[in-house]
Amino acid sequence: MSIPEKSETELTSRWDCDLPVNNEPVVTVNFIFLAALSVLGLGLAVVRFFSPLGRFSGMNDAYAWGIWKTFNVMTLTALGSGPLGIGIAVWVFNRRQLHVVMRTAALSGFLFYATALVALGFDVGRPWNFWSFLLPWRWNAESAMLEISICMPLYCAAFLAFELIPLVLERLKRTGNDRLRVWVPVIERYVRLVYPFMMAGAYVVPMMHQSSLGGLLLLAGYKIHPLWQTSFLPLLYLLAAGFCGIAFVTLLLLLACSRYERPLDMVVLGELGNLLSWSCFAFLAVRVADLLWRGQFETAIAFDSMSVLFLIETGLILAPAIALRFRGMREAPRSLLQLASMACLGGMLFRFIPTTIAFEPAQRAVYFPSVIELLMSVDYIALGVLAFFLAAKCFAILPGKLEPAQFKFREISLRELVTQLKGRTA
Amino acid sequence: MSTRISRRQMLVGMMSAGAATALVVPPVAAQEHPAQPVAPSDAVAMLYDNNICTGCNACVVACSEANGVSPDTALSGGLWQMPPDLNAKTRNLIKLYKRPDGKGSAFVKRQCMHCLDAACVAGCPFDALKKDRWGAVTWDSSRCIGCRYCQVACPFDIPKFEWDQWNPKIVKCEFCFDQRLVENKQPACTAVCPTGAVIFGKRTDLLSIAKKRVARAPGKYFEKRVYGEHEGGGTQVLYLSRVAFEEIGLPTLGSTSIAHYATHVTSVIYKWLSGPILMAGLLGAAIKRNWDRHEAERPEREKETGVQDQL
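Chains A and P are the protein sequences, given in the same order. Position 325 of the first sequence, counted from 1, bears residue number 325 in the numbering used here, the numbering being contiguous throughout. Position 266 of the second sequence, counted from 1, bears residue number 266 in the numbering used here, the numbering being contiguous throughout.
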């Protein structure tokens with residue numbers, strides 16, 4: 001994999017539509033590796049359901065939340081907020097040229113949420129009581145946890161899944177049998193009828209639960225270091241989701257398009273870099289104003305361990321914010337890749353640190369995830385990666401330059417998969 | 001940008017205005033979590049005084065018996081009840097604090113503080129933890145999903161989780177609510193205490209008893225005050241101590257309820273869902289305008305590029 005430093009005619013070109021990936025078989029070494037991890041992860045999750053939590057994790061009464069919640073849910077769904085950040089840019093602020101990357105955003109967001117919900121489902125100790133969510137009189141409307149446990153599955157199952165319906169319809173239109181094909185225009189008409197209203201929901205609902213993820217930490221009060229404990233946590237968590245989502249989709253597009261030898265559209269990617277820069281500035285403005293307002297400036301530059309963490313986190317967000325203001329930086333693939341990665345990392349640090357590293361209960365205890373806990377966390381991510389690249393080969397997701405011959409959907413059948421698998425292992 | 005306003009946009013605009021009104025009105029309504037909660041008149045309480053406690057542990061044994069749990073004997077090699085700290089088998093514990101210089105020591109009784117406005121109750125998604133009659137914080141196994149938010153929220157690190165159980169419960173002092181309180185009996189620990197180091201009664205009565213003790217012998221009491229009168233908005237377990245409260249593991253908390261800190265902004269935004277509805281109206285109006293434009297230009301664009309519009 002190589003990313004060209006200078007724009008060359010054959011390596012960059014305008015993206016005019018989303019195309020399925022056809023220049024690689026479905027079954028590759030990576031596919032087998034990721035599939036093995038995913039099966040292992042889901043298998044462990046099922047075993048975990050039938051055994052106590054203590055045996056599967058390093059969690060304890062002082063650190064009652066482990067990485068399944070704090071990383072897979074609270075941190076990674078920020079990276080999965082691309083459909084929120086870029087969607088608002090496209091449909092609210094009418095940045096129409098970003099339309100072409102919405103499918104990449106929607107699919108990656110869907111998978112981040114879906115795998116987070118799997119992680120969450122196997123993290124809670126008494127999941128059989130969750131049916132209470134159907135009984136509104138059992139809701140504690142004041143609880144951020146309630147908001148998340150209802151809002152997140154709703155967003156994933158209704159709104160993000162809705163954004164993926166057109167991909168399926170498009171494939172059906174070209175590959176389905178006649179009986180199925182009759183339904184495509186009918187469903188498509190309904191999709192287009194409700195689309196703007198669904199989009200309004202698709203932005204309000206994640207705004208609610210992404211801010212509630214920060215809201216969760218408010219009740220922890222003094223346990224969280226003052227550099228992170230603030231009444232502005234909900235807003236900051238939301239703003240972090242905004243820039244993390246944009247940064248991750250940028251990163252994903254650069255990596256995936258290079259991997260599948262797609263030309264890069266540096267106008268679209270540059271526009272993403274531009275938005276990323278402003279959204280980082282928006283986050284930093286609130287972050288710094290809040291610290292000054294609460295008189296924590298000296299804590300921030302005390303150069304003890306927490307202050308150093310804060311400075312690293314802020315530096316990782318500030319650098320892309322400034323650098324991406326320069327057209328040369330955001331329209332060169334290499335620097336854009338580096339800066340988007342920094343923003344992702346900085347945002348992840350901001351979302352993760354207050355849940356674990358800067359979280360200090362009065363009772364003395366340490367938390368470090370156990371091997372199985374780590375493995376399951378990684379496996380959930382592997383499941384998402386596997387599903388993304390499988391979908392990119394079966395549906396028109398990654399953007400590219402249209403050559404009508406390319407717009408072909410490969411056949412997917414179990415027999416074909418088995419043949420490919422045999423070819424690999426032989 | 002078009003300046004004409006369609007009927008639909010007008011409608012959306014009016015809806016937004018309605019939502020905005022809804023947003024402004026609720027702050028007038030009474031707050032569910034005031035900054036300084038007021039104890040209900042029937043609130044019960046415990047008062048623990050480590051000037052009196054001899055550390056006999058009768059309350060620890062009585063607690064296990066009343067709650068029907070097998071004593072935690074792991075540390076003593078199975079010989080006697082010896083929990084290292086509050087845990088899934090121990091709802092109540094006498095701990096000994098020793099000064100680092102060896103001069104002086106003090107006992108402390110650790111248990112749920114039954115806060116007037118408890119963080120665990122505010123955070124619990126399905127009201128599994130709730131303020132029950134007389135202000136006791138009780139746990140309902142049929143509602144708890146095991147999210148452990150109560151453990152993250154509790155400023156006193158009280159709720160414990162059965163990490164080694166397939167069907168885990170949240171374990172903490174419930175004031176012997178089902179076992180004794182509903183039968184008009186006082187909790188097991190206060191009933192059994194031989195010295196009166198921990199006593200049970202109405203919160204107002206116990207506060208005045210505590211204050212009388214301090215007034216009679218101010219030198220015996222740290223800061224000449226009762227811990228729990230105001231801490232974290234006030235608790236229903238009150239402490240008198242001869243050493244600093246921090247030293248016996250009681251954190252320094254302001255007088256504002258933590259539940260108030262966590263909900264005073266969101267409760268306004270989410271009142272009748274006015275904030276989200278307002279936001280949906282605002283975003284929806286812009287989205288609808290851009291969408292209509294997108295759909296109007298679609299046939300021409302599709303003809304020009306030869307690609308069907310991809311949503």
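Bear in mind the hints are in silico, worked out from the structure with no lab data behind them. Among the clues, some could well be false.
Said to hold, decoys possible - With a straight-line cut-off of 20 Å between C-alpha atoms, the simulated SDA-like cross-links for lysine to any residue are:
no. : chain 1 : residue 1 : chain 2 : residue 2
1   : P       : LYS202    : P       : ASP42
2   : A       : LYS408    : P       : GLN308
3   : P       : LYS271    : A       : TRP139
4   : P       : LYS131    : P       : GLU174
5   : P       : LYS130    : A       : ARG126
6   : P       : LYS303    : A       : ARG126
7   : P       : LYS303    : A       : PHE407
8   : P       : LYS288    : A       : ILE301
9   : P       : LYS98     : A       : GLN363
10  : P       : LYS169    : A       : ASN129
11  : P       : LYS130    : A       : LYS173
12  : P       : LYS303    : A       : VAL371
13  : A       : LYS173    : P       : LYS271
14  : P       : LYS89     : A       : PHE407
15  : P       : LYS303    : A       : ALA405
16  : P       : LYS169    : A       : ARG48
17  : A       : LYS173    : P       : SER64
Structure-based check of each hint:
no. : hint                  : result
1   : P/LYS202 <-> P/ASP42  : holds (7 Å)
2   : A/LYS408 <-> P/GLN308 : holds (14 Å)
3   : P/LYS271 <-> A/TRP139 : holds (14 Å)
4   : P/LYS131 <-> P/GLU174 : holds (10 Å)
5   : P/LYS130 <-> A/ARG126 : holds (18 Å)
6   : P/LYS303 <-> A/ARG126 : violated (56 Å)
7   : P/LYS303 <-> A/PHE407 : holds (17 Å)
8   : P/LYS288 <-> A/ILE301 : violated (47 Å)
9   : P/LYS98 <-> A/GLN363  : holds (17 Å)
10  : P/LYS169 <-> A/ASN129 : holds (12 Å)
11  : P/LYS130 <-> A/LYS173 : violated (54 Å)
12  : P/LYS303 <-> A/VAL371 : violated (56 Å)
13  : A/LYS173 <-> P/LYS271 : violated (45 Å)
14  : P/LYS89 <-> A/PHE407  : violated (64 Å)
15  : P/LYS303 <-> A/ALA405 : holds (18 Å)
16  : P/LYS169 <-> A/ARG48  : holds (17 Å)
17  : A/LYS173 <-> P/SER64  : violated (68 Å)
Checked against the numbered hints above, the structure violates hints 6, 8, 11, 12, 13, 14, 17; every other hint is satisfied.
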